[in-house]
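Asks: Residue numbers (numbering that gives the first Met the number 0), protein chains in the order written: chain A, 0 to 248; chain B, 0 to 307.
Just so you know, these hints were derived from the structure itself, not from any lab. Values in this document were obtained by computation on a predicted structure and should not be read as measured data. Beta carbons are placed, not taken as given, at the ideal position from N, Cα and C, and that holds for glycine. Any given hint could be a false lead.
Unchecked claim - Among chain B residues calculated to face chain A with C-beta under 8 Å, some are:
{"id": "1", "residue": "H61"}
{"id": "2", "residue": "A118"}
{"id": "3", "residue": "I126"}
{"id": "4", "residue": "S136"}
{"id": "5", "residue": "S204"}
{"id": "6", "residue": "D289"}
{"id": "7", "residue": "Y290"}
To be verified - PhoX-like, lysine-lysine: derived pairs with alpha carbons at most 20 Å apart:
{"id": "8", "chain 1": "A", "residue 1": "K240", "chain 2": "B", "residue 2": "K217"}
{"id": "9", "chain 1": "B", "residue 1": "K268", "chain 2": "A", "residue 2": "K31"}
{"id": "10", "chain 1": "A", "residue 1": "K240", "chain 2": "B", "residue 2": "K123"}
{"id": "11", "chain 1": "A", "residue 1": "K196", "chain 2": "A", "residue 2": "K65"}
{"id": "12", "chain 1": "A", "residue 1": "K15", "chain 2": "B", "residue 2": "K271"}
{"id": "13", "chain 1": "B", "residue 1": "K268", "chain 2": "A", "residue 2": "K230"}
{"id": "14", "chain 1": "A", "residue 1": "K49", "chain 2": "A", "residue 2": "K1"}
{"id": "15", "chain 1": "A", "residue 1": "K246", "chain 2": "B", "residue 2": "K268"}
{"id": "16", "chain 1": "B", "residue 1": "K217", "chain 2": "A", "residue 2": "K246"}
{"id": "17", "chain 1": "A", "residue 1": "K196", "chain 2": "A", "residue 2": "K49"}
{"id": "18", "chain 1": "A", "residue 1": "K230", "chain 2": "B", "residue 2": "K271"}
{"id": "19", "chain 1": "A", "residue 1": "K246", "chain 2": "B", "residue 2": "K271"}
{"id": "20", "chain 1": "B", "residue 1": "K123", "chain 2": "A", "residue 2": "K242"}
To be verified - Calculated from the model, a selection of chain B residues having no Cβ within reach of chain A, i.e. all distances over 10 Å:
{"id": "21", "residue": "A131"}
{"id": "22", "residue": "T157"}
{"id": "23", "residue": "E161"}
{"id": "24", "residue": "A288"}
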Amino acid sequence: MKVLVGVKRVIDYNVKVRVRPDQSDVDLTNTKMAMNPFCEIAVEEALRLKERGVASEIVAVSIGPKAAQEQLRTALALGADRAIHIESEERLDSLEVAQVLARIVAEEQPGLVILGKQAIDSDNNQTGQMLAALTGMGQGTFASRLEVTDEEVQVTREVDGGLRTLALRLPAVITTDLRLNEPRHARLPDIMKAKKKPIDSRGIDTVGLAANDYLRLERVETPAARQGGSKVASVDELVDKLKHEAKVL
Amino acid sequence: MSTLILVEHRDGALAASTAHVIAAARALGGEVDLLVAGEGVDAVAAAAARLDGVRAVLTADHAVYAHQLAEPMAALIVACVDDYSHLLAAASSSGKDILPRVAALKGVPQISDIIAIEAPDTFKRPIYAGSAIATLSNHAPLKVVSVRTSAFDAVAETGSAEIRALDIVVDNTLSTFVGDELATNSGPELGSARVIVSGGRGLGSSENFQLLDGVAVKLGAAIGASRAAVDAGYASNDLQVGQTGKVVAPDLYIAVGISGAIQHLAGMKDSKVIVAINQDEEAPIFGIADYGLVGDLFEVMPALESRL
Ligand SMILES: Cc1cc2nc3c(=O)[nH]c(=O)nc-3n(C[C@H](O)[C@H](O)[C@H](O)COP(=O)(O)OP(=O)(O)OC[C@H]3O[C@@H](n4cnc5c(N)ncnc54)[C@H](O)[C@@H]3O)c2cc1C
Ligand SMILES: Cc1cc2nc3c(=O)[nH]c(=O)nc-3n(C[C@H](O)[C@H](O)[C@H](O)COP(=O)(O)OP(=O)(O)OC[C@H]3O[C@@H](n4cnc5c(N)ncnc54)[C@H](O)[C@@H]3O)c2cc1C
Chain A
0 MKVLVGVKRV IDYNVKVRVR PDQSDVDLTN TKMAMNPFCE IAVEEALRLK
50 ERGVASEIVA VSIGPKAAQE QLRTALALGA DRAIHIESEE RLDSLEVAQV
100 LARIVAEEQP GLVILGKQAI DSDNNQTGQM LAALTGMGQG TFASRLEVTD
150 EEVQVTREVD GGLRTLALRL PAVITTDLRL NEPRHARLPD IMKAKKKPID
200 SRGIDTVGLA ANDYLRLERV ETPAARQGGS KVASVDELVD KLKHEAKVL
Chain B
0 MSTLILVEHR DGALAASTAH VIAAARALGG EVDLLVAGEG VDAVAAAAAR
50 LDGVRAVLTA DHAVYAHQLA EPMAALIVAC VDDYSHLLAA ASSSGKDILP
100 RVAALKGVPQ ISDIIAIEAP DTFKRPIYAG SAIATLSNHA PLKVVSVRTS
150 AFDAVAETGS AEIRALDIVV DNTLSTFVGD ELATNSGPEL GSARVIVSGG
200 RGLGSSENFQ LLDGVAVKLG AAIGASRAAV DAGYASNDLQ VGQTGKVVAP
250 DLYIAVGISG AIQHLAGMKD SKVIVAINQD EEAPIFGIAD YGLVGDLFEV
300 MPALESRL
């Protein structure tokens, strides 16, 4: 079975973003970028499926600027077999990303598609569900466990209140949650070998995307800072302040 | 202008989130209808009809909607959303699952997790773990929006909306329900609790994590957790507070043995009063805490319990 994984280039999760003074957007110049952590989990799950003999080929796909090839190289170093890069300098909304991915799905005919549940920059949590809709597939969102057989995938999902297990007919779309697995790191020899693996890079104009103009970013602001930092010296003082100053007890 | 809201319910009970989503819909203006889909939803529909500001409660009662799986739910909503300008749901695990599927089937984008409404087509939402707030306008014919419930006060329950049954049955060959493994957390629900006592890696083990219970019981508080505590198995996954877990804003949030990573703060920094208990006086959590207590939680928590 072929597995398609989505790889998004995002800000490194350790970096704190700054808003541009003109409020047009956040400032990402010279910011450390990385693979979205939920996509790392998606790649790892695909690798484990291949190690178990369930997956035969892993194709990583990223839509984004030229530099997104760095994250595809990481996926290849981890063990993806090949990569597809759809180059776009434009910022796409989740629907447009899903539309492009649907096009790749039509070309590649994967048995399973694994995306992250959310990108840690936009925090949208939409793309997988949209891709499932556009391709007529079932969806297993926020997955913490997968069990793939010939015709179906059983997916345990992290939901409000606990865990829920579904069975989906294949092909299906899965989005990863944090507890699905713990991603490995790429080893140096594999990083070297990955340089020889193929990345099929094409312009966004080759996928026939009918971009929409529905969403407009009006401005980006820094949230009001919280005034914290006060300390109390003892449990007694804490209880007293909560009762008489904050009046929450 | 009119809004359709997807009602959330579980085990035959209306979820608290819907009353908050209605508040957001009323800020938009226009009529508000609710959609209750499931199997055996009479009690939920009756409870939903009592929420203020609702014109009608539409029900779709059929086995195919049992467990509210995304595939049939999205097909149902697509079949009845044409008369509306807005479709809203809570940014809960079920809203997050279903809503984007509807948006894509309708060929429109979605705006996720809004915290404020500037105009019927203009919304504010946090991005980058709450490090920035984006204002977005949506010019699609159907505006699909998920709502951060902690940002909107619930409407009251003095209404008496009309209940109308829909006769729409879709089929679902894509997904089947296998089972639920619901966490058995005692005390109030995390999403609507007035007080939350939340534990982190500093608790050190599942047994120690129960140290929070004594204080929680005395305060009528819900228990929360950091990702590190959930990953280590001290607490169940549905208790994770943060960027990629639940977002809460209680009157009082007590963070115990939590360092205050930005991903955690994203889920609790809008709490009214924040208390931090941590032995490391440099821990970032103190930077946003109204009352920080530097100390060993294994001494502080029993002392706190006995003083309450
Ligand atoms: C008006 C407007 C304002 C915006 N503002 C910002 C902004 O301030 N900052 C910003 O960074 N972006 C912004 N964007 C871009 C936008 O938020 C997302 O980058 C875009 O919607 C892609 O979806 P997502 O990553 O949010 O999807 P999510 O649904 O959160 O991502 C889930 C998963 O989908 C897959 N995926 C998503 N995108 C890709 C991709 N390009 N290639 C491969 N796989 C992918 C990944 O597996 C990912 O883990 C804006 C877009 C618009 C239209
Ligand atoms: C993609 C992604 C998503 C994430 N999403 C979330 C999320 O939604 N929610 C979340 O919480 N995190 C999230 N994280 C993880 C986050 O970055 C932090 O790793 C996590 O919040 C740390 O948890 P912690 O504070 O419990 O642990 P630590 O950072 O290890 O802190 C433990 C604290 O306990 C204190 N301590 C230890 N012993 C004692 C004692 N005896 N008495 C008092 N204090 C003590 C220590 O001083 C320390 O400050 C995410 C990370 C990534 C990459």
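Asks: Hints first: check each against the structure and report whether it holds.
Replies: Results for each hint:
At about 18 Å, the closest approach between the beta carbon of B/H61 and any beta carbon in chain A exceeds 8 Å, and the interface hint on this residue is violated. The beta carbon of B/A118 is not positioned within 8 Å of any beta carbon in chain A (closest approach about 10 Å), and the interface hint is therefore violated. Interface hint at B/I126: satisfied, since its Cβ lies 6 Å from the closest Cβ of chain A, which is below the 8 Å cut-off. Satisfaction of the interface hint for B/S136 is found here, the shortest Cβ-Cβ separation to chain A being roughly 5 Å, below the 8 Å cut-off.
The closest approach between the C-beta of B/S204 and any C-beta of chain A is roughly 18 Å, which is over the 8 Å cut-off, so the hint fails. This hint holds: B/D289 has a C-beta 6 Å from the nearest C-beta of chain A, less than the 8 Å allowed. At about 5 Å, the closest approach between the beta carbon of B/Y290 and any beta carbon in chain A falls short of 8 Å, and the interface hint on this residue holds. With a C-alpha separation of about 17 Å, the suggested pairing of A/K240 with B/K217 holds against the 20 Å cut-off.
With a C-alpha separation of about 25 Å, the suggested pair B/K268 and A/K31 falls outside the 20 Å cut-off, and the hint is violated. With a C-alpha separation of about 34 Å, the suggested pairing of A/K240 with B/K123 is violated against the 20 Å cut-off. Note on A/K196 and A/K65: the hinted pairing holds, with a Cα-Cα distance of about 17 Å set against a maximum of 20 Å. In summary, the hint linking A/K15 to B/K271 is not supported, as the alpha carbons are separated by about 24 Å, beyond the 20 Å threshold.
Distance check on the hinted pair: B/K268 and A/K230 sit about 17 Å apart at the alpha-carbon level, within 20 Å; holds. This hinted pair checks out: A/K49 and A/K1 have alpha carbons roughly 9 Å apart, not beyond 20 Å. For a cut-off of 20 Å, the pair hint linking A/K246 to B/K268 stands: about 19 Å separates their Cα positions. Restraint check for B/K217 and A/K246: the C-alpha separation of about 16 Å stays at or below 20 Å, so the hint holds.
For the given pair, A/K196 sits about 17 Å from A/K49 by alpha-carbon distance, which is consistent with the 20 Å threshold. Simply put, A/K230 and B/K271 have alpha-carbon atoms about 17 Å apart, close enough for the 20 Å limit, and the pair holds. A C-alpha spacing of about 11 Å is found between A/K246 and B/K271, which places the hinted pair at or below 20 Å, so the restraint holds. Pair hint B/K123 plus A/K242 does not hold up; C-alpha atoms about 34 Å apart against a cutoff of 20 Å.
Remark: the non-interface label on B/A131 conflicts with the geometry, its nearest Cβ contact in chain A lying 5 Å away (cut-off 10 Å). With 10 Å as the threshold on Cβ separation, the claim that B/T157 sits away from chain A holds: the shortest Cβ distance comes to roughly 27 Å. B/E161, annotated as away from the interface, keeps every beta carbon of chain A farther than 10 Å; the closest lies near 29 Å. Look at B/A288: its CB is around 5 Å from the nearest CB on chain A, not clear of 10 Å, so calling it non-interface is violated.
Hint compliance for this structure: hints 1, 2, 5, 9, 10, 12, 20, 21, 24 are not met, and every other hint is.
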